[in-house]
Amino acid sequence: MSQTPVKVPPSATSYTPATQDVDLRSQINMLLHKEGHVTRIQDTLLHSLDAHPSNWPSAVQSHALALLRSGEVTTFPALMRRVLEDVRQDTAAASASSSFSDSNTASNSSGGETNGAATNGNGSNNKNGASNDSSGGGGGGGGLAIPDAVVDAVLKTTRECLDTVCEVDDDA
Numbered sequence: 001m002s003q004t005p006v007k008v009p010p011s012a013t014s015y016t017p018a019t020q021d022v023d024l025r026s027q028i029n030m031l032l033h034k035e036g037h038v039t040r041i042q043d044t045l046l047h048s049l050d051a052h053p054s055n056w057p058s059a060v061q062s063h064a065l066a067l068l069r070s071g072e073v074t075t076f077p078a079l080m081r082r083v084l085e086d087v088r089q090d091t092a093a094a095s096a097s098s099s100f101s102d103s104n105t106a107s108n109s110s111g112g113e114t115n116g117a118a119t120n121g122n123g124s125n126n127k128n129g130a131s132n133d134s135s136g137g138g139g140g141g142g143g144l145a146i147p148d149a150v151v152d153a154v155l156k157t158t159r160e161c162l163d164t165v166c167e168v169d170d171d172a
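Using the numbering used here, you'd call the opening residue of the sequence shown number 1 and step up by one each time.
It should be emphasised that the hints constitute simulated quantities derived from the structure, not laboratory data.
Yeah, the Cβ is synthetic: ideal placement off N, Cα and C, and Gly gets one too.
Mixed in with the good hints, there may be bad ones.
[Unchecked claim] Simulated restraints on C-beta separations:
| hint | residue 1 | residue 2 | range |
| --- | --- | --- | --- |
| 1 | Leu84 | Thr19 | 24 to 30 angstroms |
| 2 | Asp152 | Pro57 | 16 to 22 angstroms |
| 3 | Pro57 | Thr4 | 37 to 43 angstroms |
| 4 | Leu65 | Gln20 | 35 to 41 angstroms |
| 5 | Leu84 | Leu155 | 16 to 22 angstroms |
| 6 | Phe76 | Gln20 | 30 to 36 angstroms |
| 7 | Glu72 | Asp152 | 28 to 34 angstroms |
| 8 | Thr75 | Ser11 | 41 to 47 angstroms |
[Claimed, not checked] EDC-like cross-link-like pairs, simulated, lysine to aspartate or glutamate; straight-line CA separation at most 16 angstroms:
| hint | residue 1 | residue 2 |
| --- | --- | --- |
| 9 | Lys34 | Asp21 |
| 10 | Lys7 | Asp170 |
| 11 | Lys7 | Asp148 |
| 12 | Lys7 | Asp163 |
| 13 | Lys7 | Asp23 |
| 14 | Lys7 | Glu167 |
Take these sequences, add in the hints, and give me the full structure.
Below you can see the structure in the form of structure tokens.
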């Protein structure tokens, strides 16, 4: 299926954006495009987003419409910048909250209670059982965060695609 795989030196694992080998990246990208892997990755992303119970595409659409209706943004480029920034913020906040709750759960096994208050049963640490959905204006709440299950599915597919076009060169 794949042509000769791109030889990747073991040192590539420590590359940063500043030290990345541009030619290597170009070769990998070319093969990913040429062999249809980019389309596969995109299809996995779209399917995972549509299939996830959070209904993420609708939340983003509702958020964008709320921004336009409120007059907070008036042009498409401004809307795209704002929505992408809000998604990044909510994803970062959800990630930070997740890592905090993971460490809190590991250190506190008191049967569903945290500081004397029972959790609301859905794994959320929100007060008063509030949901994480923020389909209205503003960026808070985590409703625009890309679901972890979606990220995991896309990373799995991306790794599989990279495994087909890359070969770690142990002789380097």
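Each hint tested on the structure:
1. Leu84 <-> Thr19: 24 to 30 angstroms: Taking Cβ atoms as reference, Leu84 and Thr19 lie about 26 angstroms apart, which means the hint holds.
2. Asp152 <-> Pro57: 16 to 22 angstroms: holds, 18 angstroms
3. Pro57 <-> Thr4: 37 to 43 angstroms: Since the Cβ atoms of Pro57 and Thr4 sit about 38 angstroms apart, the hinted range of 37 to 43 angstroms holds.
4. Leu65 <-> Gln20: 35 to 41 angstroms: holds, 38 angstroms
5. Leu84 <-> Leu155: 16 to 22 angstroms: For Leu155 against Leu84, whose Cβ atoms are near 20 angstroms apart, the range 16 to 22 angstroms holds.
6. Phe76 <-> Gln20: 30 to 36 angstroms: This hint holds: roughly 31 angstroms between Cβ atoms.
7. Glu72 <-> Asp152: 28 to 34 angstroms: holds, 32 angstroms
8. Thr75 <-> Ser11: 41 to 47 angstroms: At 44 angstroms between Cβs, range holds.
9. Lys34 <-> Asp21: Given that 16 angstroms is the threshold and the Cα spacing comes to 20 angstroms, the pair is violated.
10. Lys7 <-> Asp170: Distance ~9 angstroms between Lys7 and Asp170 Cα, so the pair holds.
11. Lys7 <-> Asp148: violated, 31 angstroms
12. Lys7 <-> Asp163: Since the Cα atoms of Lys7 and Asp163 sit roughly 11 angstroms apart, the hinted pair holds (cutoff 16 angstroms).
13. Lys7 <-> Asp23: holds, 12 angstroms
14. Lys7 <-> Glu167: Holds, because 5 angstroms separates the two Cα atoms, which is no more than 16 angstroms.
When the structure is compared with the earlier hints, violations turn up for hints 9, 11 and for no others.
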